[in-house]
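Construct the complete structure from the given sequences, taking the supplied hints into account.
Heads up: the protein sequence lines correspond to chains H and F, in order.
Take 1 as the starting number for the first sequence in the working numbering and just add one per residue.
Take 1 as the starting number for the second sequence in the working numbering and just add one per residue.
Take these hints with a grain of salt, some might be off.
Claimed, not checked - Cut-off 27 angstroms, straight-line C-alpha distance, at most; resulting in silico cross-link-like pairs (DSS-like, lysine-lysine): (1) F:Lys70 to H:Lys394; (2) H:Lys267 to F:Lys54; (3) F:Lys109 to F:Lys134; (4) H:Lys359 to F:Lys54; (5) F:Lys62 to H:Lys267.
It is worth saying that the hints were derived from the structure and are not from the lab.
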Amino acid sequence: MPGIMNIGVIKRSCFLTFLSIVIVWAVDVKEGEQLFKTNCTACHRIERKLIGPALKGVHERWDNMEEEMIAFIKNSQKYMKAGRPKSQYAQQLFEKFNRTVMQNFEHLSDDQIRSILAYIKEASKQLEAQAAAAAPEKKEEEKAPTTTELYRSVNFALWVIIIGIFVTLLLIFALANVARAKKEGEEVTKALIKQSVKEAFTNPYFIGIVTVVVVSACSVAVVKKARSVGLHKGYQPVQPIAFSHKLHAGELQISCQYCHVGVERSKMATIPSLNICMNCHKYVQEGPKYGKKEIAKIYKAIGFDPENMRYIEGYEQKPIEWVRIHNLPDFVYFSHAQHVKVGLDGAKDPETLRQTCAKCHGPVWEMEEVYQYSDLSMGWCVNCHRTTKVDVNKSDYYRIIHKDYLNSEEPVTVETLGGLECARCHY
Amino acid sequence: MPKYWMDLSELEGNKTSEEHQNGFLKTSRRDFLKLFGFGISSAVWAACQKTPVKYALPYINKPPELMPGKANWYASTFFDGEHYAAVLVKTREGRPIKIEGNPSSSITKGGVSARGQASVLSLYDNARIRKPYKGKQPTTWENADKTIIQQLQTIKEKGGQIRILTGTILSPSTKQIIKEFAEVYPNTQWIVYDAVSYAALRDAHETVFGVKAIPRYYFDKADVIVSVACDFLGTWLSPVEFAKGYAQGRKLHKRPDKTMSRHYQFEGLYSMTGANADYRGKVQAGHEIALLTYLYNQIAKQTGNPVLPEVTGNFDKKLVEKAAKDLLKAQGKSIVVCGLNDKTAQLLTLQINRLLQNYGSTLDLRNPCLLRQGDDQAMENLIQEMEQGKVDVLFIFGCNPAYTYPERERFISALKKVGLSVSFADRIDETAQYCHYTLPHPHYLEAWGDAQPYQYHYSLQQPTIHPLFDTRPFQESLLKWQGKEQDYLSYLKTFWEQDIYPLSDKTLPFDRFWVRCLHDGVFELPIPEESPQPKENVDVVAEVSAALSQYKPPQGLSLVLYEKVSIGDGTMANNPWLQELPDPMTRVVWDNYVLVAPSLAKQKGWKKGSIVELQVGDKKVKAPVFVMPGQEKNTLGIALGYGRTRAAGDKKKNVAGNTGVDVYPFVKKKDGYLQYQVSGVQIKGIGGYYKLAQIQIQPTAANRESVIKEGTLAAYKTNPKALNKRMIDPKFLKENDLYSPHPTSGIRWAMVIDMNACIGCGACVVSCIAENNIPVVGKDEIARGRDMHWIRIDRYFSSRSDDPKQPEEENPQVVFQPMLCQHCQHAPCENVCPVLATTHSSEGLNQQAYNRCFGTRYCANNCPHKVRRFNWFNYAYSNWYGENPKERFPHNPAADELGRLVLNPDVTVRASGTMEKCTFCVQRLQAAKLKAKMEGRPLKDGEAKTACQQSCPTDAIIFGNLKDENSEVAKYFGPERYDRSYFVIEEVKTYPSIAYMLKVRNQDENKA
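In structure tokens, the structure reads:
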């Protein structure tokens, strides 16, 4: 019976999905992360190569042979010579990374290594999700499933429900057909049921409902996709210097304005010029993570000799080519000064400023590498202009020009003062 | 009521525009479908591009004064060899993008001409050479210096002659360097040559006062102005300065006693200055001396002075008598100017001014003008010397005689005889191509310098950008060749310390004095009391009558070689902004043409664009005809400065290359002067038609009475209301409104334009282009009516058909009306936009969102003012549709890597298929508001300025917040507030945000 078969398929697939989720979460990813951070980060990163290779996609490279990977991690040199299935690959890897010997991890148990591998798998997935312009909702616990996953499972459930409804409908129509036939005195035979189901398929109501639902679901999907075209939320390009905002703005608590000098004065917040870096890095020549490597890039660009603490004369300086993360289109005029200094009373103190910046840029102080936090779409701008309240009494400018709103009962928002008009941003 | 018309064809009954006559687009349905399909697929393809990775490069060492995103302003000096202006240069991220006037200068008082505005684009001219050249081969400065110094030494030892040929030099330090050079190389002589010479004016003053000088003219102090063939508002001597002064006497709203200066203009062509005159009399070119003699006699008779013999000439005697009467009434408060480079004419003018006691009041010799120092006789002597092979070394700086000298073949062959010739041109121009070396002098925006436009007025020029190319100042070369290892800046500073600082009151130490001068841009000294007195034993009358006995006014046709407001002598001919700036009178762009009077055209059967051959002596040119109403019937005119062959050197991108014809060979040498009026002209039609590209959307004023309002001063004084007739009952207007009003805020931007002050010079147009990234579309596109200027200066002719004696086209008056988006409160464009791309702001702006617009052009169709502009192509950069804009729009700065640097980063560069129009410079308004907000203070009146307003040399534009009751604009906005104020086509009820002050001419007749 086709109807029953359908249900069987769905049931099976449901079960499989559930099972796979259970399997994924059976391994303790959390423990893996802990272990990874203590044992591996000196040489490895998930997203990029460091001393050793990037671990993203390591499972694919090892053809998912977990046992082989465990053996390799425990003692890589031994593994290479053992003539095991991936020994040759291990040899290549060794050559590729300048014959740097990987440390032995024989003290870790197989299960521990498994959980590390599980964490790597999970983290790679997250990275991919971020790269695909998905939303890295950092506010939530990092260990919780990412929004993309949630989104995917919700989506999946939705489809299951929809198909379920279709099947139910089909059954109802088929049963109705059967009931009608029975009423009319026909005998319930296999052929009759078959016939009823067939008729149910061609029932105009059924076809109508299916069409409406499918078309609207597809439209929603198309609109959603189309809306995200050109938006680069989550964009996190690799920068020429592995500069950590987490370190500078987070741990060291350097005010945003110390480097981004234009934020209160100009349209642009400005990327700091190298002489600003050199204020500190003339003396701070070594970082906690990369040692001298990344800071040396500044010296190379500006022509500084760290050994003798002096600038090299006649040096041909080269600017650092940072990759722009926030790209507004040419037809949008955005002024940092307007928003930070005027709109949000930004830089009273570094903490307020930091919170002001975070409204659009997110918790930069937590970002190892900066990514685009907001989607920077017009809808996003407009929503903020609709809800942000303006204190008309805050300066003579507002008191005089917007005197009509001084005693306004309604809350005065940016919108009230014309903040949604085209020529405020487009000219 | 006079009749207003915009084109001769309208008088002949034609009511449709040329565009309509050409018929509709002939595209078949199949072609349409093909293009449509292709368009869609290419759009899809284009939309599927990967987002490019963008980089951000911060400074290595950020200069502390520089903040990315904010403009820096530097005071500097503009001088193109003809006109001087103290300017402020706006730079963004270290590149100059806009020129504005420097209000600190008492000469130009914050005004800049169209040429000054456009000069910033010449900095980014691709035709400039990037390194020194030896002949046609690039060389290095070291090599060039080595050989030149060697040759100079040998020549010095053998006693050879060195000549330095320059255009007018205003820089006192440069003059000093030349002097010092002449001390090191004793056989050096310095010759000054101007393409358009004013030598006779200076010589006349030498004859009478003993000083070879041009006085300073104060048009603001003059009650009566008589100008004879002198375009002092457009091109003559120092037009921006004169316009500033002239406007003082024309702005009725600033004169509570309702008086105005009176301006008589006598001329053969119809100049922009003539258009502004109260009374304009026609005089055949070449007959001006007769007119001046007659005028002189009228005045001499009344003041009891010796009279000259009468000379008959072709001019309006009655009007001259009237002018004489007015002049006599305003003794000491009048000016007579003459634009001829003819000593007799200048002596006569000088003498008239003397009789009227004008010297010492409106003409000041105490502070003489140092512009136009060219000496025609010295130039002639130089060429003779060169021909005789006597000149061993020739340096050429700031002039281009192989193009501008009338006997250019003679000059070129003489130049070839010079042992060592060095040009300092920034491109291998007509002259430089024959020189042994071309050592490029930097553009003024990348070099140090100074200027002394008047004896007691100094001005500094400072670089605003690091030199783009491997150039070196002319001054530094001279210093080096003298054996001085000094750069020009240090020389300049020492010079100012030693020669100029002592003239100051020395309250500041020199360092601070220098910084202050740099900041202010100008340094002015008090003018001494003593004025040069006339020499005692000079009998001007005798000298003039001797000359008059030889003088015979020419018969037949005479030709005037004039300068256009935009192109001038052709120095900046490779500047596309100037080429696309329409001539104020003819509205033609990108070309010169033969101006003929309507009667002559009718007689010969010529129309606009008919090709004629013009012949003077054995020299001929072919050019199209432009029929100019109001031109004297025996006078022809053609503009200088066109038809340059090497305006771009060897570069293909030669803006000036194929525009117009070169008429410098027609310039006549007479009595040792270069004269720009030629007699014995033959002209014949040779058949054929050439399409002149004209910015004139519609050649008709459609008989509307409410577009232009004007009247005489007499009428205005008796009943201003009669002049400013309301076209619709104001009460009705108030009570009947189809639409609900827009929400408003505390700001309502509005503008008032004084048509009395607007002289039509076009400075606002170029200023607008520079401020708003307006593309240059070229001759073809303009001929199709696709001009992109956001502000245009409409030129209306007006005439009365009630005078049967005079055909309407013979002596019409001209009114200029700047037309830009009126920011209507009930804008007809807004409610036809299907996508809400054009909407209204609470500040009264009619906004245009480019990214929303998809190009239906309904708005432009519905605009009663025709101020909306459509981007038919991606003028700037795209080649998506198989069209390479670099080939199609090579002159558009934005299509060029280098030219793109001039773009204003605060304004979007519009893509194809979008509509654009005047925004009231919303970026400037927003910037002014932000500044006030950041300082927590209210917005000051006059703080937010539009680009057109800022650049207007006569301050004809008032702009501000209407809601601020104390603002200037609130005083004059609309008929209820001021009696001269009116709205254009008020009856269509669009409630514009721009009001015009009606034009009043200081005429006696009480006619409306």
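Checked hints:
1. F:Lys70 to H:Lys394: 25 angstroms, holds
2. H:Lys267 to F:Lys54: This hinted pair holds, its Cα atoms lying about 18 angstroms apart.
3. F:Lys109 to F:Lys134: 43 angstroms, violated
4. H:Lys359 to F:Lys54: Holds: H:Lys359 and F:Lys54 sit about 24 angstroms apart, inside 27 angstroms.
5. F:Lys62 to H:Lys267: 17 angstroms, holds
Comparing the model with each earlier hint shows a violation of hint 3 alone; every other hint is respected.
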